[in-house]
Amino acid sequence: MPEKTSPVEDKDPVVTQSLSGLLLLSSLLLMLSLVWAVWDEIYGQRPWKSIQKRFSQRYTAFLNKAKPRQAAVEKSVRQSEEYRKLEQEILDKEKEIAPKLKEIDQETIDVIGPRLTAITDPFALARSEIQAVTYRVEVASSQSAKDSLGRQIEKLKARPVQLTLPTGKGHSEKLRMNFSQLEQEFNRLQQRKAELAAVRGGLVKPVSELRAKLDAFVKDRMPGLTERQIEGLANKMRLFNVDIKQIHVKSVDLVDRCETCHLGIREPITLTKADMGGEGAFTSHPTKALLQIHDPERFGCTPCHNGNGTATTSVKKAHGRYKHWLWPLYDRENAEAGCHQCHTTDLVLDNASVLNVGKEIFRGRGCVGCHRYEGFDTEAESLAASRQAIRKLEMDRKEHEKNAEFTGKAADAASDNKEAQRLYAQADALRQTVSNIDHQMEQLDIQSRSLLREQKKVGPSLKEVRVKMRKEWIPVWLEDPHAYRPMTRMPSFRLDKEQREAIAAYIWQSGVQGQLPAQKPGDATRGKELFETRGCLGCHAVGEGANAVGGSFAANLSRVGEKDHYDYLVRWIHNPRERTRPFCTHEKRDIGPEDYAKKGLPFVFDLEHTTCPNDGHELQVQQMTVMPNLRLTFEESQDIASYLVTLKKPGASYPAAGYLDDPQLKPKGLALVRHFGCAGCHEISGLEEEGRIGTELTKEGSKPIERLDFALLTHDAKHEGWYTHKGFFENKLKDPAIYDKGKAKAPLEKLRMPNFRLAKEEVVAVTTFLLGSVDSTLPGHYFYNPKDQRKDIRDGWWLVNKYNCMGCHQVRVGQKSVLSGLARYQDPDWKEQLPPTLIGQGARVDPNWLARFLENPAMSTTDVNRNGVRSYLKVRMPTFSFSNEEIRKIVRFFDALSAQAQPYMPTKLQPLTDQEREMARGLFTSKAAPCLKCHATGDPAHDRNATAPNFLLAKERLKPGWTARWMIDPAMMAPGTSMPSGLFRREGGRWVFAGPVPATFGGYQKDHADLLVRYMFQFTPEEQRRLAGRGPASPAKVAMR
Amino acid sequence: MKRRLELWLAISVFVLLLAACGGGGEQPTETTESKPTESGAPAGPVTTVDPATAATLTGKVSFDGEKPKPRQIRMDAEASCASLHKEPVYAEEVVLNDDKTLQHVFVYVKEGLGDKTFATPSETVVLDQKGCVYTPHMIGVQVGQTVKILNSDPTTHNIHPVPANNREWNTSMSPGGSPLERTFPREEVMIPVKCNVHPWMKSYIGVLKHPFFAVTGKGGTFEIKGLPPGEYTIEAWHEKLGATTQKVTLAAKDSKAIDFTLKAAS
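From first to last, the protein sequence lines are chains A and B.
Take the first sequence: its position 823, counted from the start at 1, is 823 in my numbering, and no numbers get skipped.
Take the second sequence: its position 152, counted from the start at 1, is 152 in my numbering, and no numbers get skipped.
Any given hint might turn out to be false.
What the hints assert, rightly or not - What the simulated footprint calls covered on chain A by chain B, stretch by stretch (three residues with Cβ under 8 Å from a Cβ of chain B suffice, anywhere in the stretch; the number is not a length):
hint : segment
1    : 293-300
2    : 917-931
Said to hold, decoys possible - One side only, chain A facing chain B, incomplete, derived with CB under 8 Å:
hint : residue
3    : CYS934
4    : ASN945
5    : GLY976
Claimed, not checked - Calculated lysine-lysine pairs in the BS3-like style (CA-CA distance at most 25 Å, straight line):
hint : chain 1 : residue 1 : chain 2 : residue 2
6    : B       : LYS202    : A       : LYS831
7    : A       : LYS528    : B       : LYS240
8    : B       : LYS202    : A       : LYS874
9    : B       : LYS209    : A       : LYS874
10   : A       : LYS831    : B       : LYS67
11   : A       : LYS745    : A       : LYS668
Derived from the structure by calculation, the hints contain no laboratory data.
The beta-carbon is built from N, C-alpha and C at its ideal position, and this holds for glycine as well.
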């Protein structure tokens, strides 16, 4: 029997199971998420709140610290003698006018004011009563009513009014006045009040002017803000609101909230990281001038800096440094990339020194030889375009000529006169069209001639190797150019031995054949002196590494003696543009004496003989080098070349290279030369019109990152954080083969870009340039496309850099020429041998003269071995053989830098009176004004020691306004000049000569500097001879002033 | 209450300062006092050397090598100067005495004075232009000390110092004009001075922060007096022959002689 067991109590879930734990957990979770949500809403999503509070604290602390400091500076300014003198002047003036002011104020306050107050009401009342009746007269309908009202007005006018008028000092008078008396008195008082106010104003004016001067005095002498200004900033911080600060530019739909954290960026005071407790985000903008040009309210922040302007939730987001933002903030070192977006065609920008270096490397190192970039090296493209245009016109011409002939013949055979006339007219029209084509072709030829002069190659012509150098050197050079010449522009290609031999063989065998005239040996010692003083060091250097002396614009010549033939060097130094054979751009080949002989012409080609004997089109008659002609004699060139051939590294040896003459290597060599794009930088036979082998880089900075081929390094790059444009460019520039790593490629499939051995800062500079090379989304008006003189400045910089003007001259304020930094020119006697500064050149010289000078710096067609203006300078202004367009651009550049109006209209100078001429002559030859001691006179014995130009040049060369300013303070324009200052002093609004003047000056009241300028500007050779005969005036004739 | 305390503090500090300054003159050893420099910038304390401990350094500078041929100056271009000279004038580049000692050598304390600063002398140093020659050929001045430049010639000169570390200026001085007074605010050895009108004219100015320098004269000798005891580097500077240094240690009241030899430029 089953034992009866008590029934198992079913567990009652309600009783036994509790959800309380779970509920507690979830409510806690809910609670937590609520707390988190609230926290995130208030702080998490708004990190800028605490940032702003921190800024407010630190800035206030900084201001509190700066205030007493600035106050102390201000105090010391206020204690300066000059300030006190001004202050005293104000006090004296105030004292002086005080009694008069008191008198005026007393009358105004005591009499006029109360009297006016007392009279105004009765007068106004009387006047309104009369006006009311007058109105009724005007609207009355009957004459009788008008009359009666008229009488009423008379009565009102005559009615006397009782009033008490104060007379001052508490007294008053009781008067009875009718309306006209009231009116008269009222007007008198008003007038008197105005009179007194005017007199008071006149008295106070000088004092308030002095006060303004005093304020300006403090402001001008205060480095930074005044105490009061700082106080203002501190007040602003007291009212500081924690909220999002944003710039909204509606027209471009731009929202930038950067200033939500970067609160100090636009503060008028300079805030450094240290000032703000080490927080870099709180500094003021490092280049305040840039914000002045680019008002943030109009330009925002991100158009220049990149980053995500709208993001406020984290620093990383705001800086755009996350996967989904394409344009992350530029790193500090690349910040200038932002400039390039709108300043695409500027080669040189103020405030963008890194970007400037990047662009100059791109231009000058030959990057543009392989990579097209809009705006760079445009000559070759323009030349090709005009050549194509010529071809097309030639075809058109032929066609039209043919048609004209047929039409003419058809006309001859026409059946009736009318038809004949029509056809003759048609034939005439066709012939006229042909004549028009001729005009166009002429212009295109002229343009080509210009472009052919302008077209330059970064490297030397390789057509000349056979006449230029020993062949053993070529393969050694190809193996590692930096080993032979560490600073060379020639990059290292990754070539194997076979490749090197084939390339060298092609170069050697394709070189032009020719025989250079044998040169007499020169004097190396004299050559060294010439080399060091004629200006060669402005571009070239000698010595390696830290010992290099000279410029880095052109080749370092330390080992030039190991490779080049003496005869070639002499020709090169004598005229670097001289070619062995001219190149016909039409036939695309070098033509020789045989081509000329066929036409019975002598083998003469130079800048005056530029047409092809075969087809009449333009020839390239020059070497495409920027090296100018220094107009040296053959003897001097021999001396310099003799010096240069001594520059050798002891013990350098070159293995024999007989294979260079192996004709079997030539075709392989040609293929390789083509493959590696050698013709991008060198002129090479058969490859004159080779295209560029690299990618166009104009918009490289905005290429989608996936299209930048990181190859097998993609993973590493992503992992290591350099999967960015910057990372790609930097690594590629540092090691152009880097993206071949790990790949097995056939030799000719490998990356071709050679290694330029760029220094670290050069890599940064080029990277900056490339990062800025973007396809901008900004509207057109943001781009810097000036139509005014700023365009001339922009165009000019391309030429200044192209020809390295800054090697010898100072072109911009603050820039030093290469020459001025050389040890030689630190000596006072050599310092005056430096080429002139070009600061203010546009204001100094007549632009037409400058154009002539640039064309022919010798200013003579026969006597060319000299400087046309400064014959005394050892350094030589060379002949650059500029094209007309280049001359125009350079002249306009200098005019624009000095804001000179174009075209130049010379100022008409007042002619000299006979007396003035006599005075000026006297002064010029007096002992007090030794003008002719230093300025050249044309007398060779004298001019040997001259240190300044001949006055005969003044009239056509100089501008009178500049000349006067120069005479008054030359050191201001050209610090360190030989021309002394203090020749004139200011006397009653005019400049007078500071030393004793000839007696003829007695009573002369005009400006002495102006007199001398007018005299100089009518100077003639005859006058010069006359002065030479005169000599210094005897002391007896010199009156002491 | 607090205000008053501060006021008392200020007054007592002031009185103490006054006492310190007042007593300065009677201190027996080197003393210092605050004095603003010429430029108004705050300077360190000015050192005065106690005459009782001061040392003296003397010596001479000789020339080693073949006597260079003196370069005659041709003043044809300036008749008024040429007429002032009866004898031919030679460039004062390497001026040798008969005993082969050298004139115009600037001997000075180059190192060893530490941060000591010295009062600027009130007396002016005169540089004259006479007969188209600078007299003296070489001078030394202290920073901020006035150089008075005269033109005793009947012709115009321009005086043009070409410094590396000071401000460059170039001023015309007409005959009979008033003298020019200038100072140099920074130390520099040496500042060449030239006249662009008369290119043969050359002079040198040495500017130092202290008074311990001398220019060798007729006997090629120099004397630097009043040196505080210490260890010094002395330099002898010559415009053509370069410079050479020697170390010397001076005890109180020492009187030492050191000689320099400058070799002919190779």
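Q | Indices of hints not satisfied (ascending) | A | Structure breaks hints 1, 9 and 10.
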